[in-house]
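Engineer: Make a model of the complete structure from these sequences and hints.
Residue numbers (the working numbering), protein chains in the order written: chain U, 1 to 122; chain B, 1 to 106.
No lab work stands behind these hints: they were computed from the structure. Note that the Cβ used here is the ideal one computed from N, Cα and C, for glycine as well. Careful: at least some of the hints might be erroneous.
Straight line, CA to CA, 27 Å or less: simulated DSS-like cross-link-like pairs of lysine-lysine [stated by the list, open to error]:
#1 U:K43 with B:K45
#2 U:K43 with B:K39
#3 U:K87 with U:K23
#4 U:K23 with B:K39
#5 U:K102 with B:K45
#6 U:K43 with U:K87
#7 B:K103 with U:K23
#8 U:K102 with U:K87
#9 U:K74 with U:K23
Partner residues are not named here, just some residues of chain B that face chain U (Cβ under 7 Å, in silico) [said to hold, decoys possible]:
#10 P40
#11 I43
#12 Y49
#13 Y70
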Amino acid sequence: EVQLVQSGSEVKKPGESLRISCKGSGYSFTNYWISWVRQMPGKGLEWMGRIDPSDSYTSYSPSFQGHVTISADKAFSTAYLQWSSLKASDTAMYYCARHRLKGVYVDAFDIWGQGTMVTVSS
Amino acid sequence: DIQMTQSPSSLSASVGDRVTITCRASQGINNDLAWYQQKPGKIPKLLIYAASTLQSGVPSRFSGSGSGTYFALTITSLQPEDVATYYCQGYYSAPITFGGGTKVEI
Chain U
1 EVQLVQSGSE VKKPGESLRI SCKGSGYSFT NYWISWVRQM PGKGLEWMGR
51 IDPSDSYTSY SPSFQGHVTI SADKAFSTAY LQWSSLKASD TAMYYCARHR
101 LKGVYVDAFD IWGQGTMVTV SS
Chain B
1 DIQMTQSPSS LSASVGDRVT ITCRASQGIN NDLAWYQQKP GKIPKLLIYA
51 ASTLQSGVPS RFSGSGSGTY FALTITSLQP EDVATYYCQG YYSAPITFGG
101 GTKVEI
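Structural biologist: Dropping the structure here:
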């Protein structure tokens, strides 16, 4: 079964760092781009950025550039989303999602992780 | 950046009704448009890609149309299990953008 499994929910304080993960299985992880999507409580979907797991090339939405870092470890078929200094406004559900076609960097997302809820509160 | 504008933001219809949701792109995106369904408390699910191609396993009552700047998602006979929020997504260029969502209720 093709799936993306994300790490569990997190509760952090403002200013703390965090890395969440997204592990792919059931397919060749390096063949498909992975995107990250934010959904704030009660709000819509926002694309944050993407990574090519084959070479870790990344690109970001201007809205998130400089505030998050996307990385991947192809040996572990895992992509990561990390923050160096969290803010309360980072409280949201975060999804990883696989691009539908091999090697296509702009595409629809056919497989989604189950989501990781990040809560930032003092 | 290309903006995606959905309408309406919410709608209420009866079981069996034909429902249409529209999505307008701020500039032409060919047919690089997807539709997703997100049920309450669940993850988004891809329904349609390339504006009109049904994803495998999606019921045939869902259909997509349009190209360029104007797109539509139609549910031909609304079912109780279709209660969800629907999002369009333009993926012609980066940044990939989503519409604001349409909440469908019975």
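Engineer: Now, for every hint given, state plainly whether the structure supports it.
Structural biologist: How the hints compare with the structure:
1. U:K43 with B:K45: This hinted pair holds, its Cα atoms lying about 16 Å apart.
2. U:K43 with B:K39: Roughly 13 Å between the alpha carbons, so the hint for K43 of chain U and K39 of chain B holds.
3. U:K87 with U:K23: holds (25 Å)
4. U:K23 with B:K39: Holds, because 23 Å separates the two Cα atoms, which is no more than 27 Å.
5. U:K102 with B:K45: At roughly 19 Å apart (the allowed maximum being 27 Å), K45 of chain B and K102 of chain U satisfy the hint.
6. U:K43 with U:K87: holds (18 Å)
7. B:K103 with U:K23: Violated, at roughly 31 Å.
8. U:K102 with U:K87: violated (35 Å)
9. U:K74 with U:K23: Judged against 27 Å, a Cα distance of about 10 Å means the pair holds.
10. P40: violated (11 Å)
11. I43: With a minimum Cβ separation of about 5 Å from chain U (threshold 7 Å), the hint on I43 of chain B holds.
12. Y49: holds (4 Å)
13. Y70: violated (18 Å)
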